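Kindly produce the complete structure, drawing on both the sequences and the hints.
Which chain is which? The protein sequence lines are A and B, in order. FYI, the working numbering numbers position 420 of the first sequence as 420, with every residue one higher than the one before it. To convert, take the position in the second sequence, counting from 1, and add 1000; that gives the working numbering.
Treat the hints as calculated values from the structure; they're not laboratory data. Quick caveat, the model's predicted, so the values are computed rather than measured. Honestly, I wouldn't trust all of these hints.
A partial selection of chain B residues facing chain A, derived with a Cβ cut-off under 10 Å [said to hold, decoys possible]:
1) K1008
2) E1046
3) K1112
4) I1126
5) E1403
A virtual CB, placed ideally from N, CA and C, is assigned to each residue, including glycine.
There are 2 protein chains.
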Amino acid sequence: MVSLRTPKGTVDLNPQQSLTLEEIVRKVKSIFESHNGVPINTPTFELREILMNKYGEDAKLIYNLEDQGGDICSLRYDLTVPFSRYLCMNRIQKIRRYQIANVFRRDNPSFKTGRLREFIQADFDICGSALPMVNDAEILRMIYDILIAFSLPYAFTIKINDKRILTGLLKVCKVPEDLQQTACSTIDKVGKLTTEEINNELITKGLSERSVSGINRLILNNENKTDLETILNLKEIIKTSKLADTMSSSLSLKNSSDESILDLTEFEKGVDDVEMLLKYLDIYKVKNIKLDLSLARGLDYYTGLIVEAVYEGVDVGSVVGGGRYDNLCASLSSNTLNVPCVGFSVGVMRIFALYPPITPEWDVFVGSGYGLNLEDRMDILNRIWALGLRAETFTSKRVNYMEQVEYAKKNNFSVGVFTGDNEISKGSV
Amino acid sequence: MVSLRTPKGTVDLNPQQSLTLEEIVRKVKSIFESHNGVPINTPTFELREILMNKYGEDAKLIYNLEDQGGDICSLRYDLTVPFSRYLCMNRIQKIRRYQIANVFRRDNPSFKTGRLREFIQADFDICGSALPMVNDAEILRMIYDILIAFSLPYAFTIKINDKRILTGLLKVCKVPEDLQQTACSTIDKVGKLTTEEINNELITKGLSERSVSGINRLILNNENKTDLETILNLKEIIKTSKLADTMSSSLSLKNSSDESILDLTEFEKGVDDVEMLLKYLDIYKVKNIKLDLSLARGLDYYTGLIVEAVYEGVDVGSVVGGGRYDNLCASLSSNTLNVPCVGFSVGVMRIFALYPPITPEWDVFVGSGYGLNLEDRMDILNRIWALGLRAETFTSKRVNYMEQVEYAKKNNFSVGVFTGDNEISKGSV
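Dropping the structure here:
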């Protein structure tokens, strides 16, 4: 006999769990719709080559389909790369789309914390060229509204950062360009690893002692500052770096390659944009924002805003993640279609792990008081269904009055209708 | 550069298509709910061994996952076998459940007719012991209501048969037991193949000339009879066969193995049950039913009622399929859990192929009459979103009044709000 279980890292959801999940999805979707999102659907699997080189060090978690003579495919790892493929294929320059669907990762599973190998993501993305940070601000407003809508009894923080700032700081710390992405993967482990473990990993990856000490001072140590203090601090860093560059340049000290004059244009733009973003978030009345310079996220494709939302005091990891990915389309498309995109993903199964369960309620139980009266009951059911109400009866050989009443009570029926040989009685259960 | 397409037999659905699909699913789900269905969710893939030997000659269409060191899995082929696995695992004896989810078959694809390799099924099943044909009648009532709910401009027929009747007729036609299932697969091709092609296939599969001629007379030729005439005819066949058995028995003519006395108990019960079912369908006011003795369906697991619904004059195949599968649980479970089940599956993508497309409509477009006024517009948006309305603005650098009006008209906004330097104008677009 076969073993009756679900594959590792996957679960069945019983009716109560499924209804709870539906409620979470309904809430998210209603906010997606109020921002004029339109749904699209992409397949569960993609050509494998489309998923290559998009997920940094996590690519090993992709599920492959067996080669059965045909396309070489893999299950989707997220909804962002398939969406970019969709944009490119259809040459779409402007869209606000959502997709709520399952994604697959061969990760270390845990049901309790909502970490599964198959899980639901609810994605919203705004694509198309726009004034700086306007769409980014709307995305953060949506994340804030969604977290409020769940009405969970936990405080939450929406952590933001900007890839241009992070890259700028790594430059200032003299991290060579080819090590910046892998350094980000390590920095992303703040909170999971101790500072010592992070430093060791950075050294192992080939960063110099001086770079690591710079990272500690500039990136890992800004927890107790307000966002405006952090902005001022970043401006100060840029000013100092420029001054240092000018001085060493005028003293003709620049000769080794890693001491070349830093191009901090993007860094500066990032800081200005985040300052503007904070102003827009004020207009949008978005609270619970925290500019966190150590927020990195593992994915390769982010280019600007990075965002991650967490509930305080619970162990489910981030419940929302996202950011700006302006170059993903261009990286897929040979016809250099470039569509600036910013979006986010709600980890529905992680919310689910925190969510109070929902019990179904029904309308009418049709029972029999005395005698089988099956055809009478069928006739009554028929009329109730025609009204659009939800109704059910016992279809077993024997009908016991009390057993039916117990069943109707236990299953939250609001009305019971009972046929008898001579009567039809009706009343609230 | 990679090829930007979806894998063979899969498609993207654009917003209009996705909204149309959602509407179809919403209609089906509302009828599932009115019959007190509860949702469950099972994983997209199952342990491969669970799917083995359930799908007759179609098992070759199962998609396998690559062995990446872990469970050996395959994508689900339908929602029925996973559901039976769920029943057994949780030792559930009674449930009315629905599941609306994607299934996967490496079949010959065609988008136009809704035949895809990944497609959505909407399943409803009633499980648990019950009086004969009561749940079967409810299932047919649901199928009828769903087909009515789609309001499509095509006539439809709900074809029914009973596996016990089909097996009985094959017995009467002297088809050996080990060829009955494969004979069913061939008979199931009525409408796709000519009678001659069917006869040839049956002969090739090893049936005798006499069996094939019997099948033609008794199974393939009952199109122009009413259901009651067919029932009477079946009763006549049973009577005659019994008489023939009695006669040959009293004449001691039974000696070769294929001439043994036929056990027609199940056949007779099938005929009586279908007669009862037709009476219940009268009470439930279900029309468009046609008892079709050639309806077989390829799947191994059916034990009683078989059902298939088709629209007349369109080429999408059957849009609903289902039946009774009383032994599927027992075939999975080593602890001989047996749960009688009857259910059906709506081929959502095939309905989709026939369905009129739906266009999204929005509430408020926030524009600028003169000047950028971005922060004013953001403030207005903020207040509109807070009301739960759907709103959007232009976020490009230039704003041209007429361009905004055109956009709002084209995208079915119901209200436009425009800011100016000195005014806020408001009106229906």
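* Enumerated hints in conflict with the structure, sorted upward -> 3, 5
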